[in-house]
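There are 2 protein chains.
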Amino acid sequence: VRTQTQVAVSPDGTAWVLLNASPDLRQQLLQHPEFAPSDGSRSTPVSAIILTSADVDCVMGLLHLREFQPLRIYATSSVLRVLTEENTLFRTLDRSMPRAQWDVLPLDKEVGVFEQAVSGETVKLQCRAVSLGGEFPDYASAHLRSGLPKEEAVIGLELVQGQQRLFFAPSVPGDAATWKCRTAESQAALLDGTFWTDNELIDFRGNGKTAREIGHLPLAGANGLLEQLRHESSRVRRLLIHINNTNPILDEESPASCAVRQAGWEVTYDGMEFEL
Amino acid sequence: VRTQTQVAVSPDGTAWVLLNASPDLRQQLLQHPEFAPSDGSRSTPVSAIILTSADVDCVMGLLHLREFQPLRIYATSSVLRVLTEENTLFRTLDRSMPRAQWDVLPLDKEVGVFEQAVSGETVKLQCRAVSLGGEFPDYASAHLRSGLPKEEAVIGLELVQGQQRLFFAPSVPGDAATWKCRTAESQAALLDGTFWTDNELIDFRGNGKTAREIGHLPLAGANGLLEQLRHESSRVRRLLIHINNTNPILDEESPASCAVRQAGWEVTYDGMEFEL
Numbered sequence: 065v066r067t068q069t070q071v072a073v074s075p076d077g078t079a080w081v082l083l084n085a086s087p088d089l090r091q092q093l094l095q096h097p098e099f100a101p102s103d104g105s106r107s108t109p110v111s112a113i114i115l116t117s118a119d120v121d122c123v124m125g126l127l128h129l130r131e132f133q134p135l136r137i138y139a140t141s142s143v144l145r146v147l148t149e150e151n152t153l154f155r156t157l158d159r160s161m162p163r164a165q166w167d168v169l170p171l172d173k174e175v176g177v178f179e180q181a182v183s184g185e186t187v188k189l190q191c192r193a194v195s196l197g198g199e200f201p202d203y204a205s206a207h208l209r210s211g212l213p214k215e216e217a218v219i220g221l222e223l224v225q226g227q228q229r230l231f232f233a234p235s236v237p238g239d240a241a242t243w244k245c246r247t248a249e250s251q252a253a254l255l256d257g258t259f260w261t262d263n264e265l266i267d268f269r270g271n272g273k274t275a276r277e278i279g280h281l282p283l284a285g286a287n288g289l290l291e292q293l294r295h296e297s298s299r300v301r302r303l304l305i306h307i308n309n310t311n312p313i314l315d316e317e318s319p320a321s322c323a324v325r326q327a328g329w330e331v332t333y334d335g336m337e338f339e340l
Numbered sequence: 065v066r067t068q069t070q071v072a073v074s075p076d077g078t079a080w081v082l083l084n085a086s087p088d089l090r091q092q093l094l095q096h097p098e099f100a101p102s103d104g105s106r107s108t109p110v111s112a113i114i115l116t117s118a119d120v121d122c123v124m125g126l127l128h129l130r131e132f133q134p135l136r137i138y139a140t141s142s143v144l145r146v147l148t149e150e151n152t153l154f155r156t157l158d159r160s161m162p163r164a165q166w167d168v169l170p171l172d173k174e175v176g177v178f179e180q181a182v183s184g185e186t187v188k189l190q191c192r193a194v195s196l197g198g199e200f201p202d203y204a205s206a207h208l209r210s211g212l213p214k215e216e217a218v219i220g221l222e223l224v225q226g227q228q229r230l231f232f233a234p235s236v237p238g239d240a241a242t243w244k245c246r247t248a249e250s251q252a253a254l255l256d257g258t259f260w261t262d263n264e265l266i267d268f269r270g271n272g273k274t275a276r277e278i279g280h281l282p283l284a285g286a287n288g289l290l291e292q293l294r295h296e297s298s299r300v301r302r303l304l305i306h307i308n309n310t311n312p313i314l315d316e317e318s319p320a321s322c323a324v325r326q327a328g329w330e331v332t333y334d335g336m337e338f339e340l
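Protein chains in written order, with the numbering used here: chain E, 65 to 340; chain F, 65 to 340.
If you are wondering where the hints come from, they were derived from the structure by calculation, not from laboratory data. Keep in mind that a hint or two might mislead.
What the hints assert, rightly or not - Residues from chain E that keep clear of chain F, each with C-beta distances beyond 12 Å, as calculated:
#	residue
1	Q68
2	P87
3	D88
4	G125
5	L171
6	E179
7	K188
8	R192
9	Y203
10	S205
11	V224
12	G238
Claimed, not checked - A few chain F residues facing chain E, derived, Cβ under 10 Å:
#	residue
13	D88
14	V120
15	L144
16	V146
17	N271
18	T274
19	R325
Glycine included, each C-beta is placed from N, C-alpha and C at the ideal position.
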């Protein structure tokens, strides 16, 4: 059984920046000793968390971190409002000393999310939020949603460290035209592999919504993710994340898995590690 | 590493009633095949969840269940208000078909939480909420908290099936005088084993609050749980749950562990099962 999607990047090999906070985060941190508190205290090498949306799958793990410190959380202004204005549960994060810091991630602007002197050199990690369109989760009140700019609902993250770039977009709600150039400029792109076909959930359950209706561009089919990114540079390492358990690419013997790999994509797995 | 406290009871050997919903619930359900969906769908043998407080450790796991169905959630009226009036995240539970049902558990009254015909006989599980005193969690707004009756903040559960009784109280905020008779009437009592001493967290971290200040009667010391329940019937199986990682009883070689066992208590562990 796979755990839910969680990605962590380390700019210096010691500190970690989490990309989203999955519902399984506690288990995932415990399974990897590099995240253990260094000195028996509650301080962990997790220095920041960057959220790409307010979806439960992206934010629920924050509640696992309520006894970690110090905690710095980045998200768009709108996502921060959905979390903190309508969900008192997150106030448990403000109880630690020092208290968690909630920071606005503006769109289309590089922001420093990590800076540390390592053997005389300054290691910096910058992050740029790229709007991917999409909707705010429907748990947020209609009143609040109606006042929020949709561009801030779902973002991709361009992480920049020196010459290295990583693009992270676990949910791709629609057309890739506006942001696919970002993947071409990166060494690696971690992209939405939730569904193979648009009708996948309907075929599986007998009813429900299409992949596109719930904010995920399917991989296959006309105007699917594979087709939309076909002409991007093949020197980019392209990795599929956030793979739903209905997606046939999880079966290595499937034609879907074969098609994905022939198109030059990789299917990620629990515990996968790589260096840029 | 232990997972966080989670107890499930099965009145008929097939369906399960969860007592609270721990942050680790998804992992815990996946580790035990008896909770697997029966027919490839999302319906699981979990028929109800009963909450003893609005603490994050008791309620966070509800968010793991948002794709399970049908879901029936019992808690005091005040706990339901803390969850649903100030936390839109829980609306994700109302999205399933049929949607989750939130039911009020009144104090001091037996309520049916499960009823099923099993080979010609009706199997019923009743639950009585017993006030344990205590406070609402401080993540809830001061405004809301000021209007809620404190008796509904933290409860114990007396589960009754025919002649069998189980008492469940993972958080015991204070004096046991008013409810300890309940443990004497039960076959088994699962009780708050969070801390050994009142100063345990302060001794460990160098600062902080006492066990009593954060809603847990310590096991040892004057007027501790062991002393308060010393005169209760020894034919009751007494099990300690919700044990913090600072509690010396986790070390079987410790004098604390020895004292607990000599007093006739059991220390629970991950995956422990027993029958009444």
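Inset, instruction - Return the numbers of the hints above that this structure violates; sort them in rising order. - result: As far as the earlier hints go, 1, 2, 3, 4, 9, 10, 15, 18 and 19 are violated by this structure, in ascending order.
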